[in-house]
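In this note's numbering, the protein residues as written are 261 to 981.
Derived by calculation from the structure, the hints in this document are not laboratory data.
Treat the numbers as computed from the prediction; the structure is a model and nothing was measured.
Among the hints, erroneous ones may be present.
As the list claims (entries may be wrong) - Derived DEER-like restraints, expressed as beta-carbon distance ranges:
1) SER273 x GLY730: 47 to 57 Å
2) LEU448 x ALA891: 38 to 48 Å
3) ALA495 x PRO475: 38 to 48 Å
4) ARG620 x ARG832: 44 to 54 Å
5) GLU615 x ASP341: 29 to 39 Å
6) GLU294 x GLU365: 25 to 35 Å
Here a beta-carbon is modelled for each residue, glycine too, at the ideal position from N, C-alpha and C.
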Amino acid sequence: MADLSTGTRLGASLVLERLIGQGGMGEVWLATDELLGRRVAVKWWSAAGDPEKTALRLLLEARAVARVVHPAVVAIHSIGDHRGRPYMEMEWVDGPSMRAWWQAEQPSVAERLALLAQVGQALDAAHDQGVVHCDIKPENVLVRREGNGTWLAKLADFGLAQSRADGTPGTPLSHGTLAYLAPELAELPPSAASDTFALGAMAWEAVTGSPPQRPSWKVAPVLPAHRAVAGPALAVLQRAMAAEPGERWPSAGAFVDALHRGMDLPAWAGRGPGLAALAPAATSVEVALPVPSWPADNAVDVLGALLAALANFPELLPKAYGGIPRAQDVLALVERGQGQWESATLTWAPAADREACLQRLPGRLQRLVLGRAAAAIETALPRGNSSREEATQLYIAARRLGDAARLALQSADATVNARRRRHHLARAVAYSSSPARPRAWLETLLLLLEWDVRCGAAEWARGPLAEAQGLVVEARLPAEDPLRLRVALADAALRLAQGAPQAALARLQTMVGGALPNSEIMLQRKVLLQLCANEGWGAPPEPRQPSGGQTTADGSAASGLWQIALGRRAQREGDFAAAERHAARALAAAEERGDALDAGHALVLMADLAMARDQHQIAWHTASDALAVLAPIGTVQATAQAWLQRGRAALAQGRNWQAHHSFAHAQAAADELGIAALQTAVLPQLIQLALGDGEVEQARRWQEKLARYAGKEPASHRNTP
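Using the sequences provided together with the hints, build the complete structure.
Set out below in structure tokens:
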């Protein structure tokens with residue numbers, strides 16, 4: 261690529277700095293994005309061969325990477341063309357490959373495996389989107405040292421990736437590194453299982469120092485005993501590299517989780533010593549900000565927009581603006597009511613509309629203003645500072661807001677597992693977080709909050725709820741605004757899940773007065789009122805039905821929960837036939853929608869009804885059916901309830917060991933989700949079983965834990981107005 265050299269300009273803002281990588285398939289250059297004041301990597305595929313095929317291969321790689329929104333994946337910014345040769349602009353990772361990191365830093369086995377766990381998370385995110393990497397090896401994982409001294413893995417080089425969305429799965433694999441290739445690739449197309457095989461080979465190398473030995477890559481390795489590999493871990497690794505793809509771990513995440521347990525290491529989902537937690541990645545600005553030439557006719561508007569973007573850091577205005585603004589522009593801004601003097605510093609006037617100020621500028625100037633504000637924050641403040649979050653939000657607003665948030669929401673819609681779906685929703689919130697657009701921010705945040713509430717995850721929901729309540733105040737939403745009402749509904753549902761029906765009822769009472777804005781919100785409120793009544797608390801009068809509104813079952817999730825709430829009421833009143841009808845309707849509606857979460861709730865109610873009729877065997881099987889339905893989702897409230905009913909059914913049949921097993925699962929799930937009401941239901945059963953087995957010390961520990969839950973309403977929910 262002789263026409264590429266330092267100083268070559270690409271498009272409107274990219275300038276090549278130096279060659280940083282070269283191979284048979286192309287080159288990677290370090291470049292400066294002058295518009296956003298940051299460094300990026302630019303990848304070129306080799307010019308040899310058919311140029312149309314080269315362009316298509318680059319496009320397919322870019323599309324594959326763009327679908328995988330994850331902090332442990334090198335992000336793709338855009339694709340372009342220079343003199344007929346396509347290139348891809350990517351996130352620049354200033355760090356070595358994983359193999360070079362092993363050799364230079366000599367990390368411990370725990371540190372090596374924790375970084376491989378980050379790669380496992382990235383692979384799960386890719387596989388969720390139908391993308392198979394096809395070339396997992398230490399050279400294709402980059403390692404970056406963060407400002408706080410932690411390490412972060414970045415999965416790179418999707419050049420061989422195959423994607424369901426692009427119609428490439430099933431394409432024969434013609435390249436790859438033999439030491440990490442799964443044996444079935446000699447005859448079968450790549451799959452998620454072949455990526456897991458390669459990750460297993462990397463893990464073996466990380467622990468023992470060399471790849472697994474085998475006579476040919478078309479044969480699965482038989483792993484020998486090794487002093488560095490604990491006994492349980494050997495079986496975990498052998499399963500990861502099994503000859504048959506169907507015999508391997510169901511996901512890369514499941515493999516690394518089991519490997520950590522087998523090696524007696526801390527759970528990989530947490531933050532290991534010296535390792536970065538996988539939070540949404542911040543941007544990286546590595547160059548000084550060039551001084552822009554602001555258009556004279558937009559000078560005051562530009563100054564106001566910069567000040568709005570830097571409302572929390574007004575001292576950075578001169579850096580972002582490129583110098584001291586003119587006095588007449590400052591005075592004009594103050595006269596508009598957008599700026600004010602505070603301690604000899606120009607600050608944003610709190611009463612002014614930040615979004616309206618930004619909207620005064622044309623699109624290109626908006627992006628430039630937001631990008632420079634982000635760059636000013638990141639280059640002027642310490643790395644690792646909490647302000648980097650705001651810089652990331654501004655950068656995304658400048659460059660990636662629409663696409664990134666949309667992709668994250670699409671990923672959430674396509675994901676079944678509750679935790680992974682939550683991860684994608686949290687990414688969408690991060691990409692939508694913009695101080696200039698609080699309403700759009702709140703709308704995305706509500707999707708995350710309402711998912712947490714549907715899962716019954718009180719611990720997960722606390723943070724999003726507090727943030728949503730803050731945005732309601734900041735945006736000054738009126739009492740009848742649908743977004744404000746949805747926040748109130750989520751608040752009430754969370755209080756109810758935490759075993760505080762009186763506090764939930766008090767919250768719902770604040771929504772009485774006038775018509776609620778639509779039937780869905782009204783129906784959700786009715787569901788919560790009924791659930792409060794099921795807990796033994798009275799319900800306030802029903803609000804007036806909105807014009808044309810319907811609260812009958814319409815196939816929505818709220819309607820299914822309404823049927824379950826009515827079934828609970830009928831159960832309390834002793835009308836089991838009516839309760840079973842409501843449960844059957846809820847199950848049918850959930851199956852029609854393909855909603856496994858609501859189907860699980862309906863089956864739990866059926867198991868509860870069977871127990872009430874002393875049909876213990878039926879209750880056992882129905883609870884087992886609920887667990888099978890909920891298995892792909894992971895741990896949610898219905899999971900804990902199903903384990904509880906299964907334990908009760910086993911105990912009633914004298915199967916104490918199975919009862920203990922089920923109650924332990926229920927307690928662990930309730931503990932993970934932070935559901936106090938379930939804890940108080942499960943712990944007495946565990947105490948009874950422990951005493952029956954003579955395990956007095958264990959019973960005492962359960963009793964102490966029960967004392968912390970029983971009769972306690974969360975402190976933040978007491979005396980709620």
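To see whether the hints hold, each was checked on the structure:
1. About 35 Å separates the C-beta atoms of SER273 and GLY730, a value inconsistent with the hinted range of 47 to 57 Å.
2. For the hinted restraint 38 to 48 Å between LEU448 and ALA891, the CB-CB distance of approximately 27 Å leaves it violated.
3. Here the CB-CB span from ALA495 to PRO475 is close to 22 Å, at odds with the stated 38 to 48 Å.
4. Range check, ARG620 to ARG832: about 59 Å between beta-carbon atoms, so the 44 to 54 Å window is missed.
5. Restraint check, GLU615 to ASP341: a C-beta distance of roughly 35 Å satisfies the suggested window 29 to 39 Å.
6. For GLU294 and GLU365, the Cβ-Cβ distance of about 34 Å falls inside the hinted range of 25 to 35 Å, so the restraint holds.
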